[in-house]
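Colleague: Hints are included, so try docking the two chains, each in its own frame, into the full complex.
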Amino acid sequence: MSHETRRILALHGGLLVLLLGLQFVLPAYHHGNLARIMVLASYAIGYNILFGYTGLLSLGHALFFAAGMYGMGLTIQHAGFSPAPALLAGLLAGVAVSAGLAVLALRTSGVAFMIVTLMFAQAGYLSILYFGEYTRGDEGFVIQTTQRMLWGIDLSDPTNRYLAALLLFSVCLGLSLWLVRAPFGRVLVAIRENEERVRMLGYDTHAHKLGAMIVSGTISALAGAVYGLLFGYAGASFASVQYSIFPLLWVLLGGAGTVLGPFLGTLFMFYLIDLSSGLTTAYMLIAGVALVVLTLFAPQGLAGELRRRLWGWLP
Amino acid sequence: MTAAPLLSTRGLSKHFDGLQAVRDVDLDLAPGEVRALIGPNGAGKTTLVGMICGRIAPSAGRVTFDGADITALPAHKRIGLGMAYTFQITSVFPALPVRENLALAARRRLKGAAVQEAVRHALTRVGLPPDSAEQAAGNLSYGHQRLLELAMGLVQAPRLLILDEPTQGLSDSEIDGFKALIGELKGATTILLIEHNMSVVMDVADRVTVLNGGAVLAEGTPAEIHENAAVQAAYLGTG
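Residue numbers (my numbering), protein chains in the order written: chain A, 1 to 315; chain B, 1 to 239.
It is worth saying that the hints were derived from the structure and are not from the lab.
Warning: the hint list may mix true and false statements.
Said to hold, decoys possible - Partial pick of chain A residues on the chain B-facing surface, computed with a CB cut under 7 Å: (1) P183; (2) A190; (3) E193; (4) N194; (5) R197; (6) R199; (7) M200; (8) L201; (9) G202; (10) Y203; (11) D204.
Unchecked claim - Just a sample of chain A residues kept apart from chain B, beta carbon distances all over 12 Å, derived: (12) F24; (13) N33; (14) R36; (15) A96; (16) V103; (17) V116; (18) R136; (19) G140; (20) N160; (21) G211; (22) F231; (23) S240; (24) M284; (25) L285; (26) L310; (27) W311.
Note that beta-carbon positions come from the ideal geometry of N, C-alpha and C, so glycine has one too.
Only chain B is shown next, with the shape it has when bound in the complex (with noise of 0.2 Å):
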């Protein structure tokens, strides 16, 4: 790896109780990659993001963002800094319109006409169509949620942008739609992508890491893990 990583983790641990859910995990990110992050149900993926992002306490290791030390920064410091995070289950603000949804996301860092501007933006941006921006968050379908969720993301013009599942519930249309969203990011923000779609990983990862229970089973590109067999063994099945 030529360049300082954007992000990188340390021993990251976090033990629920008695259940390690996230073990001695070291990832780094390079500015403007995508790197998904693959495994079974309950390999720890949301936990490990969720440490990343500041939403959950780890119970050992580091995180480090742009070169400084931010295990003990609250979540909305790290956000400040650059970081942004969309839910896995579909978080918006269901009473508000879908423009006051984006607005929220992007008045942190603009003010006055840029926000609307930045707003119309992400809405077309995503794919959503613009006169859905009046209604309320909590009337778009699924899909539309979905999308909404992730152009709150986009919104905030992050350096790190981690998405927890985005084309879960996603149409094939969308999800091509995503590919090539994706595509356009790629170089300029670095995505961290938790997955289960298994095309999506493949066509727009530059690397994968694959969890398997709290610990990292594997890492490298799409290619590689697709041949490792011991990926194959405990995720993709050995057919």
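Chain A on its own, in the form it takes in the complex (with noise of 0.2 Å):
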């Protein structure tokens, strides 16, 4: 093992075993917050796959993550499932959507792609509430206590709850670490970077970024899955296009193509917009300074930064 891949693991790792140590000494409030906090950030890191590695800029996320959410729920609500088929459930919805969306917006790049992304999740939205005699719609629907005993443990208790999050989370860290080290994950950035190139380097580009997207698009739906389960809702408002924006804001923020940065962005747009409502009822505004200086000063997101200044071997 080289000596950059001890720095790399020590890094992940001890983020990880410091979230496992913070699970015995935050407050109530925190300890909850973190919970949704790595949950969400699971899902920034599939977003990140895409958009921060492949370099390609979906607006259309929320559909993988309501995929995943609804693949859950509905199957807990209307087939009687028990958790782990219904996780499970979640994780093919979202292999099955990301797989037909990734074929249909393939065939475009750029600002196309965009658009294309975000109609489909505003058609999905749009379903979402259509069959709302089944999802309830915008109002959604409880997954009650009882439906959320997973092999006996009640994910509804605050510390079985921190647990499995921060199970998610680890796998999707390890999971993005893994790939972008393996030959798959670099011609992925060389893809980023120069895609003509890597086409005249025989390799198949458009494969590569189908695989790209259904494995950001999975990683998406399991966050989604995982996050009504844990929390116990699932509503039509996480497929509105809010959630395709933000794992769009907290990749930037903590930094695109960065392992960490999801993480990162995730905690500090979090927390920032926590503090902010406590100060004042005009938190956006406080808010949009703070990512205005921060976009300022930190263009590449945080662990960009820290990538740039101290650490360039940061994956």
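Modeller: Encoded structure:
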């Protein structure tokens, strides 16, 4: 194992150990927040695979997040699934929806790709409203505590919920770290940098982008499924355009194309809004100014700046 | 020509709207041959090799590689068959280290430690300093980026290496190094070379094809081409 690999494993493993340690010391409020942040950061990790590493800007990831959430929620609600198969259903819904959208949307690129993904996500959102009889539309539906027992573990319990969120986050972080250092991930980065050159090195760039979008969408869907299960609710707002913009913001703030960026960005944004809304009702003004300042002075995001200034080896 | 050609084109043509960029080009490259493609600017050289390696779809004609018709194959599959293409306008991955640029090119055929070995070998072969491996490719000087581009072609160990103006922007000593390198590859690798530098063409090419106005004007050994009156009028000047 090279020196660099050891450093990378120490840093990312260290973060996971730190998060595990925080479980025992955090006050209830922040404990709950952090569980939520870890699940949302997993969503951002999925987004980062496509946006940060492959260079494809999607405005439709809420479709994947919601596919996972409803794949899980609807099977519990209407088919009487227990959480494990319901999570699997959410995951498979994510695979199917992201594969379908990838085949269609990757016929375009650039701005057209943004618009096509946005439109399909809107179509998904409207479908959830349209089938309100099953989905309860905007109002959504609650997944009862009794329906959230996974192998005898009560996921509505704060400690279990935190640990489940940490498990999901660890899996997504590890997967993302492995992927971007593997040959497949290296090709994705190269596609981001210069797609025509990659093609002329003999790589099937379309197949690679297709793969990236399916991995990205599936991680996002898994995060959506776990979010619904841990917090006991599925609603159409999670499919709205806002939830497509969030991961983009988180990833930009944290550092696009860095493994830690999605987590840092989600954490930063969550507490920025949390703290500023405690100060004033015009909290979006404070959040907005902070974002502008960050964009001006750290255009590559928090982890991106860290890589540029200190740790050139940061994956 | 004794051996069956590695690469053939028949009636290869390309028109962009009204402009006939390439007209009815028949080309045969024997295995191991170094072929130079020359002609004035706008003669259709880059368009012709673009159709050979699959970057540009031909309007008419066929391309055959190693006996198989590859006219309908997408570019990455042609590269997979053993072609390598280096760009006229340097096209490296500027944000990635030199080592990763080469590793990307090598990993399509190699795995594990063999990749790093091939990367080192390619660096030395084109004469890039070994300590440049960790630099971002975009920070290299223009001449060194050209050499990196060339190394990215070599590291693929291609059967047919297509070089689009490889010596443009190189210093005299680097050009000498390039000539020596082509000399080493000669016989083992078939090379199709677009080149403006006549000294390079005369020194390294086995045969020369002259394009003018999209069509083949002449073909022959460097000496024959040098003597050819039509070529002189069209290209070399009448001095």
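Colleague: Any hints from earlier that this structure breaks? Give me their numbers in increasing order, please.
Modeller: none
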